[in-house]
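Spelled out, the chains give:
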Amino acid sequence: MRVGIVGAGTMGRVHAAAYRRIGVEGLAAYDVDPVKLADFASEEGAEPFTDYPKMLAEVDVVDVCAPTFAHQQLAEQAFAAGRDVILEKPLALSVAQGEQILRAARESGRRLFVAMVVRFFPQYRRARELVSRGELGRIGVVRLKRVSFPPAAAWFRDPAKSGGMPVDLMIHDLDYARWLLGGPRRVFARMSRGDRASALEHVQATLAYDDGAMVFVEGGWAYPPGYFRTSLDIAGDKGLIEWSSDQPVPLDTLLPKDAPPPKLGLPMAGLEENPYETELRHALSAFDSGEPFAVAPQEALEALRLAIAVRESALSESVVEVA
Amino acid sequence: MRIGIMSFAHLHAEGYVQNLRRIPGVEVIGFSDTDSERGRRFSQAYGLRWFWTHEDLLAERPDAVIVTSENARHRELVELAAQAGAHVLCEKPIATTVEDALAMKAVVEEAGVRFMTAFPMRFSPALQTAREMVQSGELGSVLAVVGVNHSENPKHHRAWFAQKDLAGGGAVIDHTVHLADLYRWIFDCEVADVYAEVSNPFDPEVDTDTAGVLQLRLQNGVAASIDASWSRPAEYPRWGHLKMEILGEKGALLVDAFAGHLNVWRKTAGRSYEWLGYHPDPNQAMIRAFVKSVAAKKEPSVTWRDGFEAMRVALAAYVSASEKRRVDPTMLR
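The listed protein sequences correspond, in order, to chains P and L.
For the first sequence, this note's numbering begins at 1 and goes up steadily by one.
For the second sequence, this note's numbering begins at 1001 and goes up steadily by one.
Do not rely on the hints blindly, as some may be mistaken.
[To be verified] Here are the computed distance ranges between Cβ atoms for each label pair:
id, chain 1, residue 1, chain 2, residue 2, range
1, P, G137, L, T1330, 56 to 62 Å
2, P, L315, L, G1251, 44 to 50 Å
3, L, A1045, P, R125, 24 to 30 Å
4, P, R125, L, A1223, 50 to 56 Å
5, L, N1220, P, A81, 22 to 28 Å
6, L, Q1018, P, D158, 36 to 42 Å
7, L, P1233, P, P224, 48 to 54 Å
8, P, E312, L, Q1018, 32 to 38 Å
9, P, D288, L, G1025, 20 to 26 Å
10, P, R125, L, D1056, 51 to 57 Å
11, P, Q247, L, R1040, 39 to 45 Å
12, L, G1015, P, R125, 18 to 24 Å
13, L, S1272, P, Q247, 54 to 60 Å
[To be verified] Beyond 12 Å from chain P on every Cβ pair, some chain L residues (computed):
id, residue
14, E1070
15, E1138
16, R1217
17, K1243
18, E1245
19, K1250
20, G1251
21, V1264
22, G1277
23, D1281
24, S1293
25, K1297
Rather than coming from a laboratory, the hints here were simulated on the basis of the structure.
Cβ atoms here follow ideal geometry from the backbone N, Cα and C, with glycine treated the same way.
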């Protein structure tokens, strides 16, 4: 199966590395910036295409790792060319856009996999298994945290291009909350910002459910460069799960701190199991076999709807009712 | 490939059965155990055929066996298996005396079967990466290594672990071999000498040691240590841990091989607070490697020699503790 990566940025590289490790050969790559594309192609061992339709003609699957504002056009062109599509999260900038992408997939008869990678992190999977087996009893309060430093690329900082932090980053935990408990009844969120130049942004959101369960989600681009923390805390009437990225890892390296800080915060992938590999192996195998995806496109759309509701609540400082 | 388990005396047998069942093409033909209570219990628990004698199991002509008896009985079982033409994966420590270990080597060589020592930590991705970083020189010259392999007292699971005649000792022979093997493997050299303090501060009811601290000099000059104690209480949220800190001139590596857990509290379970691991079990990769080496007719990546040298470090610790001097393990014959 030949894969063409669109977007020679950080996620494109993360995916390229994962494809290499799972034995996918003959990667193709496209980017609007020919200089970035050339670097990417030589460093990642991909065949560069400066023309998107030409790449579409050569590959079986298109993996869109381009900025969010470009998702719709890139995905629709790929479907029109008869290609299956992997789309980096978030699905789109708006629910309407997301619906159009889903419709384009349906009408072309091709398949869409939205890469919600947190669903492939072993600790998040294991925690959900315990919850779905009923080992914690009835779930009362869930707390989810994901706080990074502001990404370096300018488009992230422009909500018109990235959807802003709730849509770009917090969507992971909003999707996880939905995966655990389904959709909430209402949300309330508050946003804190640094000065314009700093791009610091931090959101605290509460999701409320009809049965009294609640999920508190903290997300942010608010830490100094290099720091990225995530955690989960799931409390039921029969049990409790705590996990935090602050906990010890199997291998920690203490080397001189002279390396430049990273450009984009990513949760740490363990040596034992790289979630990006698990995710892409799953997607390719589902394309191949026709099996359903672990994350249906509709779920990615619902996560986006919830993320936008969180953003609306934060901006309006009011309670937002959701389906 | 048809594989049998020789004895369920060691608690690892239970995990190995599940590891084997996850490998396509492997059939677990059953297990032998002369203890009828264990035989009935585990036959029922795992849906396994139970053979009352080891000879009966071997009469089924397994391609390979896993020897998970009490340590002191490894020799007898390995001899039976080798004579029946079965390849052997042997639980650690491979024996409790130099004499037994040498006899095992002789019989497997004579029979032309392969022998692998069960050192699962070599299959931990964290330790594999640590080894690569040391060997590539990324840490610069290594100065020191500090290792701990703590656990609860295993007698609560199997009494023989704290019986000298069956286990060959207590905490020191149980735990030393893992870190001793990792040091040999990471630095590609033998242990030059061992100084050890060994005692029983934790359990007056048993006649074996429950604590041991070893200081080693490796042949490459690195100063290394091992805490092999059964010093974690039964209420500890996991059986214990294996940790290693490697200090080099350019940096340090902190290995906590079983890190990666959810903290779980349950109202119903016996142990109300637990660390529940979410990373793959290194035993699975080890069992897979054993199956692969048998299928490919290749020497396993962990050999009799590895089991033997690690065992000699543990035995040297006991000699050192009783004679109050440094002991060269390679001089134990």
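Hints versus structure:
1. Taking the beta carbon of each, P:G137 and L:T1330 are about 57 Å apart, inside 56 to 62 Å as hinted.
2. The hinted window of 44 to 50 Å between P:L315 and L:G1251 holds, with their beta carbons roughly 45 Å apart.
3. Here the CB-CB span from L:A1045 to P:R125 is close to 27 Å, well matched to the stated 24 to 30 Å.
4. Between P:R125 and L:A1223 the C-beta distance comes to about 41 Å, which lies outside the given range of 50 to 56 Å.
5. Between L:N1220 and P:A81 the CB atoms are about 59 Å apart, so this pair departs from the stated range of 22 to 28 Å.
6. Take L:Q1018 and P:D158: their Cβ atoms lie about 52 Å apart, and the range 36 to 42 Å is violated.
7. About 39 Å separates the C-beta atoms of L:P1233 and P:P224, a value inconsistent with the hinted range of 48 to 54 Å.
8. About 49 Å separates the C-beta atoms of P:E312 and L:Q1018, a value inconsistent with the hinted range of 32 to 38 Å.
9. Separated by about 23 Å at the C-beta atoms, P:D288 and L:G1025 satisfy the suggested range of 20 to 26 Å.
10. The beta-carbon spacing between P:R125 and L:D1056, approximately 42 Å, falls outside the hinted interval of 51 to 57 Å.
11. The hinted window of 39 to 45 Å between P:Q247 and L:R1040 holds, with their beta carbons roughly 41 Å apart.
12. Restraint check, L:G1015 to P:R125: a C-beta distance of roughly 21 Å satisfies the suggested window 18 to 24 Å.
13. Checked against the hint of 54 to 60 Å, the C-beta distance between L:S1272 and P:Q247 comes to roughly 19 Å, which is inconsistent with it.
14. Separation of L:E1070 from chain P is adequate, the least Cβ-Cβ distance of about 31 Å exceeding the 12 Å criterion.
15. For L:E1138, the requirement that its beta carbon stay farther than 12 Å from each beta carbon of chain P is not met, with the minimum near 8 Å.
16. With a least CB separation of 24 Å from chain P, L:R1217 remains clear of the 12 Å interface cut-off, as annotated.
17. Residue-level check failed: L:K1243 sits 9 Å from the nearest beta carbon of chain P, not beyond 12 Å.
18. At roughly 9 Å from the closest C-beta of chain P, the C-beta of L:E1245 falls inside 12 Å, breaking its exclusion from the interface.
19. The Cβ of L:K1250 does not lie farther than 12 Å from every Cβ of chain P; its closest approach is about 7 Å, which violates its non-interface assignment.
20. A beta-carbon of chain P is positioned within 12 Å of the beta-carbon of L:G1251; the least distance is around 4 Å.
21. Distance to chain P contradicts L:V1264 as a non-interface residue, since its nearest Cβ pair spans about 5 Å, not more than 12 Å.
22. The beta carbon of L:G1277 is not kept farther than 12 Å from every beta carbon of chain P, the shortest such distance being approximately 9 Å.
23. Non-interface status of L:D1281 relative to chain P is broken: a Cβ of that chain comes within 12 Å, the nearest being about 10 Å off.
24. Every beta carbon of chain P lies more than 12 Å from that of L:S1293, the smallest distance being close to 22 Å; the non-interface claim holds.
25. Distance to chain P confirms L:K1297 as a non-interface residue, since its nearest Cβ pair spans about 25 Å, more than 12 Å.
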